[in-house]
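Trainee: Residue numbers (the working numbering), protein chains in the order written: chain A, 1 to 502; chain B, 1 to 502.
Careful, some of the hints might be misleading.
[What the hints assert, rightly or not] Cβ-to-Cβ under 10 angstroms is the rule here; a few derived chain B residues that face chain A: (1) Gly199; (2) Pro249; (3) Thr480.
[As the list claims (entries may be wrong)] Dumping the calculated DSSO-like pairs for lysine-lysine here, alpha-carbon to alpha-carbon at most 27 angstroms: (4) A/Lys159 / A/Lys148; (5) A/Lys473 / B/Lys180; (6) B/Lys198 / A/Lys177; (7) B/Lys180 / A/Lys180.
These are computed hints drawn from the structure, not numbers from a lab. C-beta atoms are modelled at their ideal positions from N, C-alpha and C, and glycine is treated no differently.
Next come the chains, spelled out residue by residue.
2 protein chains.
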Amino acid sequence: MARTLRVVLCALSLCANAEGFLSTSSSFAGKPSAVGPAAAAAAGSRAQIAAGNKRRQRVTAADAASVVARGASSSATVSAGGLCMSEGSAKTIVVLGGDGFCGWPTCLHLSDAGHDVIMVDNLSRRRIDLELGCESLTPIQSPQTRVKTWKEVTGREIKYVNIDVAKEYELLLKLFKEHKPDTVIHFAEQRAAPYSQKGSREKRYTVDNNTGGTHNMLVAIVESGLDIHVCHLGTMGVYGYGNSGGEIPEGYIDVTLPGNRQQKILHPAYPGSVYHTTKCLDALLFQFYAKNDGLRLTDLHQGIVWGTNTPQTVRDERLVNRFDYDSDYGTVLNRFLMQAALDIPMTVYGTGGQTRGFIHVTDTAKCLEAAVVNPPAANGPVEIFNQVAETHRVRDLAQMIADKTGTKIDFISNPRNEAAENELEVKNDKFGNLGVDFKSLDGTLLEEVRDIAQKYRGRADLELVYPTSYWNKNRVKAATDGEVNGAPEPTRLFVDVKTGAQ
Amino acid sequence: MARTLRVVLCALSLCANAEGFLSTSSSFAGKPSAVGPAAAAAAGSRAQIAAGNKRRQRVTAADAASVVARGASSSATVSAGGLCMSEGSAKTIVVLGGDGFCGWPTCLHLSDAGHDVIMVDNLSRRRIDLELGCESLTPIQSPQTRVKTWKEVTGREIKYVNIDVAKEYELLLKLFKEHKPDTVIHFAEQRAAPYSQKGSREKRYTVDNNTGGTHNMLVAIVESGLDIHVCHLGTMGVYGYGNSGGEIPEGYIDVTLPGNRQQKILHPAYPGSVYHTTKCLDALLFQFYAKNDGLRLTDLHQGIVWGTNTPQTVRDERLVNRFDYDSDYGTVLNRFLMQAALDIPMTVYGTGGQTRGFIHVTDTAKCLEAAVVNPPAANGPVEIFNQVAETHRVRDLAQMIADKTGTKIDFISNPRNEAAENELEVKNDKFGNLGVDFKSLDGTLLEEVRDIAQKYRGRADLELVYPTSYWNKNRVKAATDGEVNGAPEPTRLFVDVKTGAQ
Numbered sequence: 001m002a003r004t005l006r007v008v009l010c011a012l013s014l015c016a017n018a019e020g021f022l023s024t025s026s027s028f029a030g031k032p033s034a035v036g037p038a039a040a041a042a043a044g045s046r047a048q049i050a051a052g053n054k055r056r057q058r059v060t061a062a063d064a065a066s067v068v069a070r071g072a073s074s075s076a077t078v079s080a081g082g083l084c085m086s087e088g089s090a091k092t093i094v095v096l097g098g099d100g101f102c103g104w105p106t107c108l109h110l111s112d113a114g115h116d117v118i119m120v121d122n123l124s125r126r127r128i129d130l131e132l133g134c135e136s137l138t139p140i141q142s143p144q145t146r147v148k149t150w151k152e153v154t155g156r157e158i159k160y161v162n163i164d165v166a167k168e169y170e171l172l173l174k175l176f177k178e179h180k181p182d183t184v185i186h187f188a189e190q191r192a193a194p195y196s197q198k199g200s201r202e203k204r205y206t207v208d209n210n211t212g213g214t215h216n217m218l219v220a221i222v223e224s225g226l227d228i229h230v231c232h233l234g235t236m237g238v239y240g241y242g243n244s245g246g247e248i249p250e251g252y253i254d255v256t257l258p259g260n261r262q263q264k265i266l267h268p269a270y271p272g273s274v275y276h277t278t279k280c281l282d283a284l285l286f287q288f289y290a291k292n293d294g295l296r297l298t299d300l301h302q303g304i305v306w307g308t309n310t311p312q313t314v315r316d317e318r319l320v321n322r323f324d325y326d327s328d329y330g331t332v333l334n335r336f337l338m339q340a341a342l343d344i345p346m347t348v349y350g351t352g353g354q355t356r357g358f359i360h361v362t363d364t365a366k367c368l369e370a371a372v373v374n375p376p377a378a379n380g381p382v383e384i385f386n387q388v389a390e391t392h393r394v395r396d397l398a399q400m401i402a403d404k405t406g407t408k409i410d411f412i413s414n415p416r417n418e419a420a421e422n423e424l425e426v427k428n429d430k431f432g433n434l435g436v437d438f439k440s441l442d443g444t445l446l447e448e449v450r451d452i453a454q455k456y457r458g459r460a461d462l463e464l465v466y467p468t469s470y471w472n473k474n475r476v477k478a479a480t481d482g483e484v485n486g487a488p489e490p491t492r493l494f495v496d497v498k499t500g501a502q
Numbered sequence: 001m002a003r004t005l006r007v008v009l010c011a012l013s014l015c016a017n018a019e020g021f022l023s024t025s026s027s028f029a030g031k032p033s034a035v036g037p038a039a040a041a042a043a044g045s046r047a048q049i050a051a052g053n054k055r056r057q058r059v060t061a062a063d064a065a066s067v068v069a070r071g072a073s074s075s076a077t078v079s080a081g082g083l084c085m086s087e088g089s090a091k092t093i094v095v096l097g098g099d100g101f102c103g104w105p106t107c108l109h110l111s112d113a114g115h116d117v118i119m120v121d122n123l124s125r126r127r128i129d130l131e132l133g134c135e136s137l138t139p140i141q142s143p144q145t146r147v148k149t150w151k152e153v154t155g156r157e158i159k160y161v162n163i164d165v166a167k168e169y170e171l172l173l174k175l176f177k178e179h180k181p182d183t184v185i186h187f188a189e190q191r192a193a194p195y196s197q198k199g200s201r202e203k204r205y206t207v208d209n210n211t212g213g214t215h216n217m218l219v220a221i222v223e224s225g226l227d228i229h230v231c232h233l234g235t236m237g238v239y240g241y242g243n244s245g246g247e248i249p250e251g252y253i254d255v256t257l258p259g260n261r262q263q264k265i266l267h268p269a270y271p272g273s274v275y276h277t278t279k280c281l282d283a284l285l286f287q288f289y290a291k292n293d294g295l296r297l298t299d300l301h302q303g304i305v306w307g308t309n310t311p312q313t314v315r316d317e318r319l320v321n322r323f324d325y326d327s328d329y330g331t332v333l334n335r336f337l338m339q340a341a342l343d344i345p346m347t348v349y350g351t352g353g354q355t356r357g358f359i360h361v362t363d364t365a366k367c368l369e370a371a372v373v374n375p376p377a378a379n380g381p382v383e384i385f386n387q388v389a390e391t392h393r394v395r396d397l398a399q400m401i402a403d404k405t406g407t408k409i410d411f412i413s414n415p416r417n418e419a420a421e422n423e424l425e426v427k428n429d430k431f432g433n434l435g436v437d438f439k440s441l442d443g444t445l446l447e448e449v450r451d452i453a454q455k456y457r458g459r460a461d462l463e464l465v466y467p468t469s470y471w472n473k474n475r476v477k478a479a480t481d482g483e484v485n486g487a488p489e490p491t492r493l494f495v496d497v498k499t500g501a502q
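If we strip away everything but chain A, and leave its shape as in the complex, we get:
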């Protein structure tokens, strides 16, 4: 059962490609590269995560030993720069949800790095576009064309299989038995919080699809009898934003119970939407299957993803990644950049005081590979990483772009039921210790996204950027009343007993 693998983190394809990808030449319209007060404020907010970044050491013997110790059946070694593989270290990887915004760049990244990739998708994301009357701003190709193009460009094969993970259990099991993957990456979940709150149908679909799909995958792995490592894309939202009142650790938290008993527990879940809730349900399923069946599981609590293309997707226009700008699926920074590119006001919800974690889509793929090549030991607890590069307040991001471009900001009623303002301090050492070097949000990267938005502006339906999903009936009323800043603090389970602060 034990597999002998040797994985080296080095300075090859990943980083080189990343640099190549970043060589955009255009600058922002308006005030190019100006760093205004809002940008400084954003930098301040970003500093919350800096302590973690400082602790990150790229090449130390201790880190290398730590990485080796984690994988019971692999012998990974760490060196400077990035990820590449020595002979014989290629893995067979099934990517569930491989056609999506994070899935597709991850498939390409892993294939580019020499792994054998089987991409599974039922194209539900494309069907939801039809349902919402939306379309990716970038003209994405069919999965068949995508993998055909990738083969033309690189000579490497990605196999595409259409399976509904939540419904077609027998097909999923058959796939595992036939391909005997080392790893299953699980992106096959409905991933938009606003969509998950849209109405009864969408709430139910999100739970049935996400929880049912996750559980089917776990059951199929147990039934297959194979030693398959699962890497799951979770979200920072499982923690509940900022309500623990201190730095958010990576998955587990040390607590003192009554009687002065010291214990380590899974970080309490406090999700803010049906979508986020499904990721918490996943976490409990993972905990059980790790304990009961000894499955190797890695859960990646990711921040909000921005960016579009990666070093792989830019190699041919037919490989372009999707770009969502609508209020359901468009992540906040991408929406702002698209609005800036089209010179329409940026829509900030409520006060914009929400502090969130952010990560570029290229880094998502890098993190996934780092997780894939460093599986936790069997029979150990679920490995949890915070997959986030930096933190910012939403209004600071908007102001930063406004300072560069002159784009106006519209503070509109917050459709979400959430704290109007929150702090967020996140530990993200683990990926740093594995050699992942996060790209920070800066002018060059922002320009790249803005260029994409400008290039395809003719394809945009500007009405779609305004929210149509409301978290509850009070939020509908607030929108009707034109309320902007008065989002009530939702009832808090996390109460500071000493101060009474929520």
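Could you slot chain B onto chain A? The hints should help.
Mentor: Chain B only, in chain A's frame:
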């Protein structure tokens, strides 16, 4: 929207009926009423919960005030003895899963107490009997005959509706809209841990049915716009047995986070089977819908239920409650009593060192009514009760019955992946404060169950009491190897940091 209700806890029907029901006359064969050393040991184990019982005050002004304070839209008053209603306090109650072992006695109890009951069931429990080749030891009637008989006996009407809660969302919503219930009691979940571990199909069914059904119910309530209070039957198993190292509080726990921050959190979940896991998933869904939509939710973490009949089911043989004795659905004490009645060895798993909470089925119904008439305030956190009367080690229960009856004990390989021995100390003050007086396991009650088992012994298939569901491949191997006491400690997330004890 506000309903004016006046509910009085008094000494009427409930307790009088309960006493009538308990007037069994036969005594145990073997050593009648002898209290051996094992019974004393059991009493010692039971003492773990005694502190809570002592704290229980039946009639205090403070309690009454507390009860009134809980229900924002009701004005409940507490007096001694039991539960009954003053004029105008009848509730309309939908009981999901009303045909089951706990569901049916609860329907009758609530109807008997004057509430209007709509019983919903898709008869899945009966279908699973067909699938497993099992049958209730007691000859249960169809739901149609059950409700017809109840009307003949009492003049009271229970409406029966066949809906699959996990699949027929629109019918469920229609039901809510038509009947505008004050309360929905949710029993509609696959409830056997061994069945949930039987194989891929059963694992998947348990998650799809339980999580999908719970979520459908919540979504339908939100969509209906009605102020419906949910009472859900959960399980003590959500806490993970005994691993928190101290008394288990009712749902929430006070912890100290790093930086000496005092907080109250939902008790960490650490379930031991797919079935138990679904109850933890429910808890997270409840937390979200209470926070986001202000739903009133009560979650009852119940111990292992024993007993068969209640003061209502004994009124006509056609009302008899189901009695499961098979290894999948038979709860442990009922299985032992049935084995004693048939003079076959009692099957104790592993060392029998598992300490569990127990409750008689009559008390389940009483607790449900207490919860129903005392809804939590809207927009508050989920109300959580520990619905358990006493705690015992499994081997002590077996020994107690052996001492009375001369029945032998077979210690067999534990099919479950669990700690071989655990302590369990449970807080159960809340129901005491609401006037619920738990029946303790004693000779009289045990005899009643034994009489049922003897009466219907001709219907039993004795092969069915031996386990056929194993938690994982290691447990299958242990059974094959004939291992009895060596059940390994499963990997623990709860580690005492100071002592290293798991």
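Trainee: Give a verdict on every hint.
Mentor: So, going through the hints one by one against the coordinates:
1. Gly199: 8 angstroms, holds
2. Pro249: With Cβ-Cβ at 8 angstroms, under 10 angstroms, it holds.
3. Thr480: This interface hint is violated because 16 angstroms lies over the 10 angstroms limit.
4. A/Lys159 / A/Lys148: 10 angstroms, holds
5. A/Lys473 / B/Lys180: 19 angstroms, holds
6. B/Lys198 / A/Lys177: 21 angstroms, holds
7. B/Lys180 / A/Lys180: Violated, at roughly 52 angstroms.
The structure does not agree with the numbered hints 3 and 7 stated previously, though it agrees with the rest.
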